[in-house]
Amino acid sequence: MNKKISQIIDALTTHQDNDSIRVLENLGTNSSDNDIREKTSRALVKKNVHDSLKVVIINEGKGINDLSPVVAMSTINEILALKDKTEVLHILEDTINMHSSETVRENAASVKSLLAL
Amino acid sequence: MATIDKIGAILNTKIEIPFKIKARESIHTNPFKDSKFDGSILPADIFEGTQLKSQNKAKMVMSAIAGSVSNFSRKIVEPVAAFCNKVKTNLSNAFNYAKTTTLSESLSDLGNYISQKVSTMRKNAEMNKISDKMPVVDLEAAWINENKLMEAA
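Going down the list, the protein sequences come from chains A and B. If you're matching positions, the first sequence starts at 85 in my numbering and goes up one per residue. If you're matching positions, the second sequence starts at 33 in my numbering and goes up one per residue.
Source of the hints: derived by calculation from the structure; they are not laboratory data. Predicted model only: the values in this text are computed from it and were never measured. Treat the hints with care, as some may be off.
Unchecked claim - Some residues of chain A that are not near chain B, with every Cβ distance over 10 Å (derived):
| # | residue |
| --- | --- |
| 1 | K88 |
| 2 | V133 |
| 3 | A165 |
| 4 | E171 |
| 5 | V188 |
What the hints assert, rightly or not - Pair by pair, the computed Cβ-Cβ distance ranges are:
| # | chain 1 | residue 1 | chain 2 | residue 2 | range |
| --- | --- | --- | --- | --- | --- |
| 6 | B | M182 | A | L199 | 31 to 39 Å |
| 7 | A | D168 | B | S151 | 38 to 46 Å |
| 8 | A | D101 | B | K161 | 17 to 25 Å |
| 9 | A | D119 | B | S151 | 35 to 43 Å |
| 10 | B | S163 | A | N118 | 23 to 31 Å |
| 11 | B | G143 | A | N118 | 49 to 57 Å |
| 12 | B | Y145 | A | L151 | 51 to 59 Å |
Said to hold, decoys possible - Heads up, incomplete: computed chain A residues facing chain B, CB under 10 Å, no partners named:
| # | residue |
| --- | --- |
| 13 | I93 |
| 14 | T98 |
| 15 | V107 |
Built from N, CA and C at the ideal position, the CB exists for glycine as well.
Hey, can you work out the whole structure from these sequences and the hints?
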């Protein structure tokens, strides 16, 4: 992965401005590079706020729903590593109950099962 | 007549005077004859006779040591002072040389050049350093720029 892009993602991960979530979503999760998508998804999970977690849980083709198993598993591992799982559990509940896509609902249910272990 | 002759014979004979000093050296000797004191003072009593007692001998030895130490300190101080003067003179000469020649100007230019280069490098490093202190807009622009560079490559 490009070193400068990696540094930018790291900077956006710790950035206090919520606009950083928008940049990570637009430029990171939509990237054609698997490594960039993986790093971006992990960055969004690390932020551990509603808007960032929503991106990697409810969007098809992003985060835990990414077509790349590496990206999806890496995102799930990061979710499992969170100390405070309150917000992620809340979003998973809503996704399981209300999302229109069955695949997304199943993925969310799987992650919730893993968190319960 | 015979009596006169006897008296004349008596007058011709040398009568030794009992108080006459035969040899002056035998009574008084110059104690400083073979000594070189170089200003050192020997406090030992030298009028006690030529045969020195053991106590007097020790006194003489100690006096000699004291004189030697005094001379030694005097001898060592002078070279130190000379050395300091020499260093002072050399430093002064070097300073004058540096002041009058173009070498000082060259060094000054070199120092300014290095300082400017380091300052520029530091500024560039700060500009290029990506951190969360940068505005999100700038980070976004940098990311887009990198994507363009990667596509072009």
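Status of the hints after comparison with the structure:
1. K88: violated, 5 Å
2. V133: holds, 15 Å
3. A165: Label holds. Min Cβ-Cβ 21 Å, cutoff 10 Å.
4. E171: Nearest chain B Cβ is 21 Å from E171 of chain A, so the label holds.
5. V188: holds, 27 Å
6. B:M182 / A:L199: 31 to 39 Å: Holds, at about 36 Å.
7. A:D168 / B:S151: 38 to 46 Å: With a Cβ separation near 45 Å, D168 of chain A and S151 of chain B satisfy 38 to 46 Å, so the hint holds.
8. A:D101 / B:K161: 17 to 25 Å: The hint (17 to 25 Å, Cβ to Cβ) holds, given that D101 of chain A and K161 of chain B are roughly 18 Å apart.
9. A:D119 / B:S151: 35 to 43 Å: holds, 36 Å
10. B:S163 / A:N118: 23 to 31 Å: Once the Cβ atoms are compared, 26 Å apart, the range 23 to 31 Å for N118 of chain A and S163 of chain B holds.
11. B:G143 / A:N118: 49 to 57 Å: holds, 51 Å
12. B:Y145 / A:L151: 51 to 59 Å: With a Cβ separation near 56 Å, Y145 of chain B and L151 of chain A satisfy 51 to 59 Å, so the hint holds.
13. I93: holds, 8 Å
14. T98: Cβ of T98 of chain A sits 4 Å from chain B, so the hint holds.
15. V107: holds, 5 Å
In the structure shown, a violation is registered for the earlier hint numbered 1 alone.
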